[in-house]
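Number of protein chains: 2
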Amino acid sequence: MTQDSDSKQAGERSVSMDKLVALCARRGFVFPSSEIYGGINGFWDYGPLGVELKNNLKALWWQRVVRERDDVVGVDSSIIAHPRTWEASGHVDHFSDPMVDCRACKKRFRADQLDDAGRCSSREGSSEHDFTEPRNFNLMLQTQIGASEDATTAAHLRPETCQSLFTDFKRVREASRQKIPFGIAQIGKAFRNEITPRNFTFRSREFEQAEMEFFCHPSEREKWFEYWRAERLQFHRDIGLRESHVRNRTHDEDELAHYARAAVDVDYRFPFDWQEIEGVHDRGDWDLSRHGEFSGKDLGVTDEVTKEHYNPVVIETSMGVDRTCLALLADAYHEESLEGGETRTVLHFHPAVAPVKAAVLPLSKKLAEGARRLEGDLRRHFNCFYDESGNIGRRYRRQDEAGTPFCLTWDFDSQEDGRVTVRERDSMEQERVPVEGIVAYLRERLEVGL
Amino acid sequence: MTQDSDSKQAGERSVSMDKLVALCARRGFVFPSSEIYGGINGFWDYGPLGVELKNNLKALWWQRVVRERDDVVGVDSSIIAHPRTWEASGHVDHFSDPMVDCRACKKRFRADQLDDAGRCSSREGSSEHDFTEPRNFNLMLQTQIGASEDATTAAHLRPETCQSLFTDFKRVREASRQKIPFGIAQIGKAFRNEITPRNFTFRSREFEQAEMEFFCHPSEREKWFEYWRAERLQFHRDIGLRESHVRNRTHDEDELAHYARAAVDVDYRFPFDWQEIEGVHDRGDWDLSRHGEFSGKDLGVTDEVTKEHYNPVVIETSMGVDRTCLALLADAYHEESLEGGETRTVLHFHPAVAPVKAAVLPLSKKLAEGARRLEGDLRRHFNCFYDESGNIGRRYRRQDEAGTPFCLTWDFDSQEDGRVTVRERDSMEQERVPVEGIVAYLRERLEVGL
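So the protein lines, in turn, are chains A and B. Here the numbering used here runs 5 ahead of the position in the first sequence, where the first position is 1. Here the numbering used here runs 5 ahead of the position in the second sequence, where the first position is 1.
So here's chain A without its partners, still in its complex pose:
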């Protein structure tokens, strides 16, 4: 389902990144980690509205990819894994960017981005850097595990969540009694020491992924690749991203990673550019073969009928949770001119991802008791917000800016007629609805199209 409100379809987007970043901080969606200490480059905190948005997205993904399917199971693995994992995966050897250092200003730059290097800060009157030859700089964050100084082990924070889905493959397959084809899915944090974190939460050093590895027979790889490509594109449309802002982009052969035979991105049209929010990859049997080789364990499966023993090939779907949240925010943001010259900023979230589902507003503070009772009842079912301060128009604007789909106003008649005024965010239309049926009324409208 896509949202068809006129305002949302009205031509070009109106949001700049600056405005979006400002709204996110002011309303508590996302803001810099450790802000009171000046922040830390590449790290972000989600506030009260942001965590609900992100949790809604994760729950929708889990529901769609895991719970509603009988051929995908979930796991939750540790961020720190055995160091051999990253040798087998190829990350120790290959997960690096070519970097040059400037001998004068001591700064480091990506060798393929030297046009952005600017002036050398150590050389007055000159713009010339004094670069070293390019060297590879591994992007994994390293730490030390273990108590004894002599027996500590260097370990890495995972740069992607998927590797444990391969190392746990045999255990999970046996424990869950799954047969090929089936998938293993996970949501979790990963870390990369990005040289230049940028574009708000788009490229950060700590981020969350929602990944699924689908294990199938080599003869079915193309069928499943196409299935998951279409399914994942559809997901992003179903959670409310505009059709014209989402597209598939097929990787050229020379773009493919060392493990990949085919790759298609789901790109979103961010204010700064079309950029990837999810990747669908045909990884072949690279991962199971490598982990089999490095561990000395047989990770293959035997076909019950043909008795063929083989390593399944893997179709991967890898969604950036933070990137998709950012796409949801950018897509939802709109500034609208109202009658009378007023403007409103509104986040046109799909109701299923909206952080707050309903705001309960007493028309006067004198009506707080009934409004509070209604709020208490609704809270058991939906995330709600109560607001009694300011005039009603101002309170509507606050909720528009938070993306709340419904405002329920408890007025002087509500006690007697058992009804509240329900105001819908996008159309701004109002309707009197009986309190008795309000949960069903809202539920029907919140789950639309999913």
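The set of hints was computed from the structure by calculation and includes no laboratory data. Watch out, some of these pointers could steer you wrong.
Take a look, some chain B residues computed to stay more than 10 Å from chain A by CB distance [what the hints assert, rightly or not]: (1) 24; (2) 32; (3) 47; (4) 90; (5) 119; (6) 133; (7) 342; (8) 370; (9) 399; (10) 420.
In silico SDA-like cross-links for lysine to any residue, where the CA-CA straight-line distance does not exceed 20 Å [said to hold, decoys possible]: (11) 371(B) - 423(B); (12) 194(A) - 423(B); (13) 184(A) - 392(B); (14) 184(B) - 394(A); (15) 175(A) - 186(A); (16) 63(A) - 194(B); (17) 194(B) - 111(B); (18) 111(B) - 194(A); (19) 24(A) - 276(A); (20) 371(B) - 420(B); (21) 112(B) - 151(B); (22) 112(B) - 276(A); (23) 371(B) - 75(A); (24) 112(B) - 200(B); (25) 111(B) - 151(B); (26) 63(A) - 44(B); (27) 194(A) - 151(B); (28) 63(B) - 72(A); (29) 175(B) - 28(A); (30) 175(B) - 301(B); (31) 302(A) - 44(B); (32) 24(A) - 340(A); (33) 112(A) - 184(A); (34) 184(A) - 374(B); (35) 370(B) - 28(A); (36) 111(B) - 133(B); (37) 175(B) - 306(B); (38) 111(B) - 158(A); (39) 112(B) - 151(A); (40) 63(A) - 384(B).
From the three backbone atoms N, C-alpha and C, an ideal C-beta is built for every residue, glycine too.
Let chain A serve as the given structure and place chain B on it in line with the hints.
For chain B alone, kept in the frame of chain A given last:
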């Protein structure tokens, strides 16, 4: 609500840790991270059943502590924060254990646990170690952030999730329009370089916490401390832990951490001992004062009526997510003798935490079509499992061992009479139930008491 099945109340527990660990691996609840590489000490992966158990627990906590309340909001902050955070919090100076090294065998031991040190592996025929004087060993895991070698920053993986709730206090309070008293809550990963990880997932190096900091006026600290102590104890009973296995334990004054004025644990009676699964702490204004001092920012609030400006005091509730999962598993585990001399292993989970809510079992493989259709319908509402292999008794046993509350058997009459046989896990009683009303039937029984 507590579960009153006879079997569960029948005297002493029957589980040993060995049996529980074996069941957890075999059925895919929890197993060692990187198992194919021999594991990594102190790190664990949750499998398909384990991740559903843990997600259910986290969702119940979030529902109870955040969504059902209008005075607590959630956040989701980064694992890596600005390094000053850990200076202000006291972790750089105080978060360490006194350790001794053995000069001969090069091993390291906690100075207060030398009785467990065993024999020195380097001295044949002798049990004598050659210990150094005790030195403090900081338990935080360290890493390096940043691209340039000259400009890298040492950073820590957070050893607890709560500090960002203090550093984000001002931003969150303003963005969410909350007034004192109110709380900020978070679920997330934390890391400690434990000297000796032990007792399965109880003491690990990577773990998950569910923490809430409740900010109140100093005059109300005792009231709120008592409120949260009782509320958090009740939570653990409500999710199904036996009353006789859960208790409060008040810390003596000499046990209190440097920041704490009072502390009460929620202890669970694990097979290995009574141990803490949650702590409720009166932290005073230590945290806001320290972060205010170290950041130079005023984190205080002004009372709207009295105009008093003050740093709120903090009541903290800190639940170990992995520890509570382990308590749920240990508490649920039971081996029962059945009529006819058979025994069954059953996990008596509260239905709300059970990973799988219902299993759909066709009595014969010929009945797969109808059973699959039923399973597909149910999956939209609950996590389900489909199993058509083995005789029906064996399939019941498998579900007992997974803690599945209901088995729905689709038999030769089902197609005609539109009914299935529902078999309840604890009583093993069976009932014919119309398929048409099955969702409501199950929902009523799954949400009991919550």
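Now for the hints, and whether the structure bears them out:
Every CB of chain A is more than 10 Å from the CB of residue 24(B) (nearest about 16 Å), matching its label as outside the interface. Against chain A, the non-interface label of residue 32(B) is violated: not every CB pair exceeds 10 Å, the least being about 6 Å. For residue 47(B), the requirement that its beta carbon stay farther than 10 Å from each beta carbon of chain A is not met, with the minimum near 8 Å. The Cβ of residue 90(B) does not lie farther than 10 Å from every Cβ of chain A; its closest approach is about 6 Å, which violates its non-interface assignment.
Non-interface status of residue 119(B) relative to chain A is upheld: no Cβ of that chain comes within 10 Å, the nearest being about 14 Å off. Residue-level check passed: residue 133(B) sits 18 Å from the nearest beta carbon of chain A, beyond 10 Å. Look at residue 342(B): its CB is around 26 Å from the nearest CB on chain A, clear of 10 Å, so calling it non-interface holds up. Here residue 370(B) stays apart from chain A, with its beta-carbon at least about 14 Å from theirs, past the 10 Å limit.
Remark: the non-interface label on residue 399(B) is consistent with the geometry, its nearest Cβ contact in chain A lying 12 Å away (cut-off 10 Å). Listed as a non-interface residue, residue 420(B) keeps its Cβ farther than 10 Å from every Cβ of chain A; the least gap is roughly 21 Å. Under the criterion of a C-alpha separation no larger than 20 Å, the hint pairing residue 371(B) with residue 423(B) is consistent with the structure, at around 17 Å. Restraint check: the Cα-Cα separation between residue 194(A) and residue 423(B) comes to about 46 Å, which exceeds 20 Å; the hinted pair is violated.
With a C-alpha separation of about 12 Å, the suggested pair residue 184(A) and residue 392(B) falls inside the 20 Å cut-off, and the hint holds. Restraint check for residue 184(B) and residue 394(A): the C-alpha separation of about 13 Å stays at or below 20 Å, so the hint holds. For the hint linking residue 175(A) to residue 186(A), the alpha-carbon distance of about 14 Å falls within 20 Å, and the restraint holds. For the suggested pair residue 63(A) and residue 194(B), the alpha carbons sit about 17 Å apart, so the restraint of at most 20 Å is met.
Distance restraint check for residue 194(B) and residue 111(B): the Cα-Cα separation of roughly 31 Å exceeds the 20 Å cut-off, and the hinted pair is therefore not satisfied. Simply put, residue 111(B) and residue 194(A) have alpha-carbon atoms about 35 Å apart, too far for the 20 Å limit, and the pair is violated. With a C-alpha separation of about 11 Å, the suggested pairing of residue 24(A) with residue 276(A) holds against the 20 Å cut-off. Our distance criterion of 20 Å between C-alpha atoms is met by residue 371(B) and residue 420(B), whose separation comes to about 12 Å.
The straight-line distance between the Cα atoms of residue 112(B) and residue 151(B) is roughly 33 Å, outside the 20 Å bound, and the hint therefore fails. The straight-line distance between the Cα atoms of residue 112(B) and residue 276(A) is roughly 56 Å, outside the 20 Å bound, and the hint therefore fails. Of the supplied pair hints, the one linking residue 371(B) and residue 75(A) holds, its CA atoms being roughly 19 Å apart against a limit of 20 Å. A threshold of 20 Å between alpha carbons decides the hint, and for residue 112(B) with residue 200(B) the separation of about 11 Å falls inside it, so the pair holds.
Distance restraint check for residue 111(B) and residue 151(B): the Cα-Cα separation of roughly 33 Å exceeds the 20 Å cut-off, and the hinted pair is therefore not satisfied. With a C-alpha separation of about 29 Å, the suggested pair residue 63(A) and residue 44(B) falls outside the 20 Å cut-off, and the hint is violated. Simply put, residue 194(A) and residue 151(B) have alpha-carbon atoms about 19 Å apart, close enough for the 20 Å limit, and the pair holds. Under the criterion of a C-alpha separation no larger than 20 Å, the hint pairing residue 63(B) with residue 72(A) is consistent with the structure, at around 17 Å.
About 16 Å separates the Cα atoms of residue 175(B) and residue 28(A), which keeps this hinted pair within 20 Å; it holds. Straight-line distance between C-alpha atoms of residue 175(B) and residue 301(B) comes to about 13 Å, which keeps the hinted pair within the 20 Å bound. In summary, the hint linking residue 302(A) to residue 44(B) is supported, as the alpha carbons are separated by about 14 Å, within the 20 Å threshold. A hinted pair counts as satisfied when its Cα atoms are at most 20 Å apart, and residue 24(A) with residue 340(A) qualifies at roughly 11 Å.
As the CA atoms of residue 112(A) and residue 184(A) are separated by approximately 52 Å, the hinted pair breaks the 20 Å bound. Under the criterion of a C-alpha separation no larger than 20 Å, the hint pairing residue 184(A) with residue 374(B) is consistent with the structure, at around 19 Å. Between residue 370(B) and residue 28(A) the alpha-carbon distance is near 57 Å, which puts this suggested pair outside the 20 Å criterion. At roughly 13 Å between alpha-carbon atoms, residue 111(B) and residue 133(B) fall within 20 Å of each other, so this suggested pair holds.
For a cut-off of 20 Å, the pair hint linking residue 175(B) to residue 306(B) stands: about 9 Å separates their Cα positions. In summary, the hint linking residue 111(B) to residue 158(A) is supported, as the alpha carbons are separated by about 15 Å, within the 20 Å threshold. Restraint check for residue 112(B) and residue 151(A): the C-alpha separation of about 11 Å stays at or below 20 Å, so the hint holds. Only pairs whose Cα atoms come within 20 Å are accepted, and residue 63(A) paired with residue 384(B) is accepted, the gap being roughly 18 Å.
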